[in-house]
Amino acid sequence: MTADSLPVPPIPSLSMEPLSKASHGPHSLLFKHLLSTLLEVLRLSTLALVISLEAIFILQKWKPIFHFLLLSIFLFFSIIAPYFLSSTPVYLVDFSCFKPPNFCKVSLSFFLENASKIGSFDKESVAFMAKILASSGLGEETYLPPALHCIPPKSHQQESIKEAEMVLLPIMEDLLSKTKISPQDIDILIVNCSGFCPSPSLSSIIINKFSMRDDVRSFSLSGMGCGAGAIAIDMAQNLLKVHENSYAVVLSTEILSIGWYPGNERSKLLLNCSFRMGSAAILLTNKNEARKSSKYKLFSSVRTQRSFEDKSYMSAFREEDSEGKLGLTIQSDVFQIFGEVLRFNITILGAQILPPLEKFWHGVSTIRKRFFEKSREIYVPNFKSVIQHFCLPTSGRALIREIAKGLKLGENEDEAALMTLHRFGNQSSSSLWYELAYMEAKGMVKKGDKVWVLGMGTGPKCCSLVWECLRPIVDESSKGPWADSIDRYPITP
Numbered sequence: 001m002t003a004d005s006l007p008v009p010p011i012p013s014l015s016m017e018p019l020s021k022a023s024h025g026p027h028s029l030l031f032k033h034l035l036s037t038l039l040e041v042l043r044l045s046t047l048a049l050v051i052s053l054e055a056i057f058i059l060q061k062w063k064p065i066f067h068f069l070l071l072s073i074f075l076f077f078s079i080i081a082p083y084f085l086s087s088t089p090v091y092l093v094d095f096s097c098f099k100p101p102n103f104c105k106v107s108l109s110f111f112l113e114n115a116s117k118i119g120s121f122d123k124e125s126v127a128f129m130a131k132i133l134a135s136s137g138l139g140e141e142t143y144l145p146p147a148l149h150c151i152p153p154k155s156h157q158q159e160s161i162k163e164a165e166m167v168l169l170p171i172m173e174d175l176l177s178k179t180k181i182s183p184q185d186i187d188i189l190i191v192n193c194s195g196f197c198p199s200p201s202l203s204s205i206i207i208n209k210f211s212m213r214d215d216v217r218s219f220s221l222s223g224m225g226c227g228a229g230a231i232a233i234d235m236a237q238n239l240l241k242v243h244e245n246s247y248a249v250v251l252s253t254e255i256l257s258i259g260w261y262p263g264n265e266r267s268k269l270l271l272n273c274s275f276r277m278g279s280a281a282i283l284l285t286n287k288n289e290a291r292k293s294s295k296y297k298l299f300s301s302v303r304t305q306r307s308f309e310d311k312s313y314m315s316a317f318r319e320e321d322s323e324g325k326l327g328l329t330i331q332s333d334v335f336q337i338f339g340e341v342l343r344f345n346i347t348i349l350g351a352q353i354l355p356p357l358e359k360f361w362h363g364v365s366t367i368r369k370r371f372f373e374k375s376r377e378i379y380v381p382n383f384k385s386v387i388q389h390f391c392l393p394t395s396g397r398a399l400i401r402e403i404a405k406g407l408k409l410g411e412n413e414d415e416a417a418l419m420t421l422h423r424f425g426n427q428s429s430s431s432l433w434y435e436l437a438y439m440e441a442k443g444m445v446k447k448g449d450k451v452w453v454l455g456m457g458t459g460p461k462c463c464s465l466v467w468e469c470l471r472p473i474v475d476e477s478s479k480g481p482w483a484d485s486i487d488r489y490p491i492t493p
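Mapping to this note's numbering: the sequence shown position 290 is 290, numbers consecutive.
The hints are simulated quantities; they were obtained by calculation from the structure and are not laboratory data. Small disclaimer: the values here were computed from a predicted structure and weren't measured. Please note: incorrect hints may appear among the correct ones.
What the hints assert, rightly or not - Okay, derived cross-link-like pairs now, DSBU-like style, lysine-lysine, Cα gap no bigger than 35 Å in a straight line:
| # | residue 1 | residue 2 |
| --- | --- | --- |
| 1 | 287 | 154 |
| 2 | 287 | 209 |
| 3 | 297 | 447 |
Stated by the list, open to error - FRET-style restraints, in silico, Cβ to Cβ:
| # | residue 1 | residue 2 | range |
| --- | --- | --- | --- |
| 4 | 157 | 366 | 47 to 55 Å |
| 5 | 359 | 324 | 24 to 32 Å |
| 6 | 405 | 211 | 30 to 38 Å |
| 7 | 377 | 200 | 46 to 54 Å |
Even for Gly, the Cβ is constructed at its ideal location relative to N, Cα and C.
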């Protein structure tokens, strides 16, 4: 990848297209959803038939026993059957985002000055990183861990452990404080960090520091990139389906000191420039009594990936360069590949949540393109008809705008992603929660609104979460990571 390749190529059309047999998981998911939709149609048709028959019975003055029979059928299909067939609700009680201390702040000029002093980068590499930063969308107040302020940077194990404790312990404490639960109340713990996988694991570190129960179900996810935060939520909700009356905590972060690349291969320098400190803690539960106090309910969750395809699998790969220095290689076509995996994802999501009229127009345009006007673009469904807010991947300003363009979003609907990128940089898996915190601080999210949280990462993989706001969210502007800067935003990035 050269400096000339910095502009993000257009992402392939994000229209919902029919899935091929090679799509594996997505094809199966779509089939299951179509089956559930058919069952819902049958249920409604049965109710309509029952109502029609009841009208006939009344007109014909049939015996009461027939009315009782129809009433029983009506109650079964309208109340009893949905109760037993519905999935376990998963609530997001609250979440916390880490605000790094001021001594970790890094301006763009400071970053480049340090890079030139380290000695491992040649002049061309420093110039390349300067060009990357100029077009990245990052502001002057992002954060790097203390280990990367040193010359040369410290990237050994102990520094990474210190960084992990620095970003994870405070947000865990903050989450417990604001939700008023004890570490002993937690039944499930999931910690995701892509590049740092110590032994004992990060989840074991948390269990040890907070003296959690001996039967807590703990998991550590690694190597899943920027999409791991959303994937961890999907994993938690599946665990909550089988473990009743439970609390689950998800911790999302990326440890930067271990991922610093000290070499001169252009395709490995990108993460040095854009990745910054950040972490988030999220409390989920399936307890019925938590509905009144929870902020959100999980409305829909869809996961897709394309690891089965070699080209996609190799699009972002952690490997050594010719000098034995470890770094993440990002291929020049990675954004086109991400566009493909995103298209599969929204095909499933659209089938789940879009209103019938949007599905109809999409179907008509698909048939028209396939059989009549092959040069005509397939209609992109209007997701704004059911979703009011969007948390997009913060991998760069150009990528944010390309995804927003592909989804036909309005001028201000990528605001949270762009402002998060400017204020905090790309925080990998935790960025999505800083976006949601931005929306809450601005008072954007109202009761009944739906928020689409879109996580994408290496693999490549994609996970969509749609949250429904359950209560008014107020007084968030003075809390959390945006407390000292929310009044300065939005700006023109």
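Please work out if residue 297 and residue 447 have their alpha carbons no farther apart than 35 Å.
-> Status holds; Cα separation ~11 Å.
Could you say whether the range 24 to 32 Å given as a hint is met by the Cβ separation of residue 359 and residue 324?
-> Given range 24 to 32 Å: violated, Cβ gap about 53 Å.
Assessment of proposed distance window 46 to 54 Å (beta carbons of residue 377, residue 200) = holds, 52 Å
Are residue 287 and residue 209 close enough, with their CA atoms no more than 35 Å apart?
-> holds, 26 Å
Given hint residue 154 paired with residue 287 - CA-CA distance at most 35 Å = violated, 44 Å
Residue 157 paired with residue 366, Cβ distance criterion 47 to 55 Å | holds, 53 Å
In this structure, is the beta-carbon distance linking residue 405 and residue 211 contained in 30 to 38 Å?
-> Once the Cβ atoms are compared, 49 Å apart, the range 30 to 38 Å for residue 211 and residue 405 is violated.
Figure legend: structure checked against the earlier numbered hints; hints not met, in rising order: 1, 5, 6.
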